[in-house]
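Q: Listed below, chain by chain, are the residues.
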Amino acid sequence: MDQTQDMQASDTPAGPGVAGQPVDVPAHGEGNLDLVGMLFVFMLATFIGIGVIRRVSRLLHTPLMSLTNAISAIAVVGAIIVSGGEEYPLVIRVMGAVALFASMTNIISGFMITDRMLRMFKEQRGRAGEGGGR
Amino acid sequence: MTPALVVASMSFQGLASHAIELAYLIATGLFVLSLHWMGDPKTARRGVYAGAGGMAVAVLATWARPEVAKHLWVLLPILAAIVPGIWLAKVPLTAVPQRTALSHAFGGLAAGLVGSAKFFYWLHHQPEMLTAFRTGAIVVEVLLGFLTFTGSIIAAAKLQEVKWLPQRPWVYKGQNVVNLIAFGVAAVLGVLIACFPHAAWAPWAFGALIFLSLNFGWMLVMPIGGADMPTVIAILNAYAGLAAVAMGFVLDNKLLITAGALDGSSGLILSIIMCKAMNRSFFNVLFGAFGQVQAKAAGGEQKDYKPDTAENAAAILAEASLVVIVPGYGMAVAQAQHKVRELYDQLRKRGITVKFAIHPVAGRMPGHMNVLLAEAEIPYTDLVEMDEINTDMSQCDVCLVLGANDVVNPAARSDTKSPIFGMPIIDADKARTVFAVKRSKSPGFAGIDNELYFLDKTWMLFGDAKAVVGDLVKHLAPQSGH
Chain A
1242 MDQTQDMQAS DTPAGPGVAG QPVDVPAHGE GNLDLVGMLF VFMLATFIGI
1292 GVIRRVSRLL HTPLMSLTNA ISAIAVVGAI IVSGGEEYPL VIRVMGAVAL
1342 FASMTNIISG FMITDRMLRM FKEQRGRAGE GGGR
Chain B
59 MTPALVVASM SFQGLASHAI ELAYLIATGL FVLSLHWMGD PKTARRGVYA
109 GAGGMAVAVL ATWARPEVAK HLWVLLPILA AIVPGIWLAK VPLTAVPQRT
159 ALSHAFGGLA AGLVGSAKFF YWLHHQPEML TAFRTGAIVV EVLLGFLTFT
209 GSIIAAAKLQ EVKWLPQRPW VYKGQNVVNL IAFGVAAVLG VLIACFPHAA
259 WAPWAFGALI FLSLNFGWML VMPIGGADMP TVIAILNAYA GLAAVAMGFV
309 LDNKLLITAG ALDGSSGLIL SIIMCKAMNR SFFNVLFGAF GQVQAKAAGG
359 EQKDYKPDTA ENAAAILAEA SLVVIVPGYG MAVAQAQHKV RELYDQLRKR
409 GITVKFAIHP VAGRMPGHMN VLLAEAEIPY TDLVEMDEIN TDMSQCDVCL
459 VLGANDVVNP AARSDTKSPI FGMPIIDADK ARTVFAVKRS KSPGFAGIDN
509 ELYFLDKTWM LFGDAKAVVG DLVKHLAPQS GH
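Residue numbers (my numbering), protein chains in the order written: chain A, 1242 to 1375; chain B, 59 to 540.
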């Protein structure tokens, strides 16, 4: 019982320094507070993303897409929590494990193929013999 | 537990959760740096390492969370992912568009599954967690996730040109009405679930929502033709990112929100670029069923192509001082990029300047041509964007159109009735001589006739792009050898 309560506390939105708080704090008020914080983060991250990505040369749009693909596999965080979380029933956990498999595949293949493509972009052809990456 | 122990355990937990939050902060920073370094080919590889580092930090920090206790359940899926992950990273570069679509499908599936898992778990075990806001976020996550899943699978299948799927857009009367009604039903369901997550019917409504989302994906992508795939892939990229953002709102996790937002904005920008490059709106791409009706109407008069031999073409190429090559999907299909490099070498040996004119939507995904040509070790400084090359086209002696079609169709400039009217094109028709390499005499993917092929200065080289370019190289090579 105690354990589930702790779990819940760490699951509820906890600002800095309030993690592990007793559970009788109403979830609603806290949730609303953090909702605004999350919207802030979302908005700022979107602006940063637009600013940074607009500067990416068209040359690199395919590797850019495979890189952001790997980064969006950050869903792995949620998948690990569900797959490895102690309190979840089997069915739920299987869903988490499939999600973890899917996002981990994206992470591995995404970063690897991006690097593989980028290795090919050269300013000048390598002189005979030293043929660049190979 | 004694009070002292409770306090101690709480402070330990506080410390651990601080460390995890801090790790997430570092991961976020690394992701932003990663995309920043991606801006320049010189620093781009550093960007990959930063991204991979950020991801490793995020995975380890999450694994270290106190509530993640079933380590085997984490370890096994990760181990299982290694082989398919490596396999998907080793595909030939011509298959990169379908690989990308497939990975969007995986991303969507993960988001949809985690959202559904959380919903059903909370419903049965911690109903108080299902606030209206959080449930709403779950609805968005599941909708976007499963829609991206099936939509991307169809997109990948179309790009792979599998036999069981028609390549032409799949349309029927009233399709948009059906789609809109289905979407309306899903939206109403979503609002109802968010407002009454504890109602007895909520799990059924949620199941119906999953079913509808899975169906949306293919319903949206089936009517879209191959030429629009770059835009569709970019939009699906944005969806996958937004699904991760929604997951962040569900799990109160700022790392998910930032990383998802970075991905979402990337997809958004790429789709805007693609739409601009085709002079079309999002709405038009998604609901337009491009090129379906027009293809039938345009089949009026029959004009004749002027075919030429590779020998003649090689002779004319040898006399040129500026050659512009316009690659398109045909080059990718034929895997002709290495032969093209040989041609590039032969021409350069004769002191001829060779440039590649890259249209933003050439190929099947953003930047597709650049990657293929880079694979053939053509320096990226010779890959020129459309706007830049167009100012030089009047000085171009020979323009070699290599499996490109709509992106060089002058109808886009002049014919207000053409479905591609207004689309920015590469001005191949301004070159002194044009050689167009074409697989067959049929019109391109959009099903539109190309006036460029019937101009007095245009000569056709029919055949597989790889074979034709190989012939050109053969005819150019002996003279330079001796």
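By construction, these hints were calculated from the structure, which means they are not laboratory data. Please note that a few of the clues may not be correct.
[Stated by the list, open to error] Cut-off 20 Å, straight-line C-alpha distance, at most; resulting in silico cross-link-like pairs (EDC-like, lysine to aspartate or glutamate):
1) B/364 with B/487
2) A/1363 with B/403
3) B/488 with B/445
4) B/488 with B/403
5) B/475 with B/509
6) B/407 with B/443
7) B/231 with B/219
8) B/128 with A/1327
9) B/128 with A/1364
10) B/475 with B/507
11) B/100 with A/1327
12) B/334 with B/529
13) B/515 with B/487
14) B/100 with B/440
15) A/1363 with B/443
16) B/413 with B/443
17) A/1363 with B/487
18) B/532 with B/369
19) B/413 with B/455
20) B/515 with B/440
21) B/413 with B/487
22) A/1363 with B/509
23) B/413 with B/433
24) B/413 with A/1364
25) B/488 with B/450
26) B/407 with A/1327
27) B/407 with B/509
28) B/488 with B/455
29) B/524 with B/369
30) B/100 with B/433
31) A/1363 with B/455
32) B/334 with B/455
33) A/1363 with B/440
[As the list claims (entries may be wrong)] Listed next, the stretches of chain A that the computed footprint assigns to chain B, with coverage defined by at least 3 CB atoms under 8 Å from CB atoms of chain B:
34) 1279-1285
35) 1289-1302
36) 1310-1317
37) 1343-1350
Note that the structure is predicted; figures quoted are calculated from it, not measured. All C-beta atoms, glycine included, are put in the ideal place defined by N, C-alpha and C.
Q: Sort out which numbered hints this structure fails and list those numbers smallest first.
A: 4, 6, 7, 9, 11, 12, 17, 20, 22, 26, 27, 31, 32
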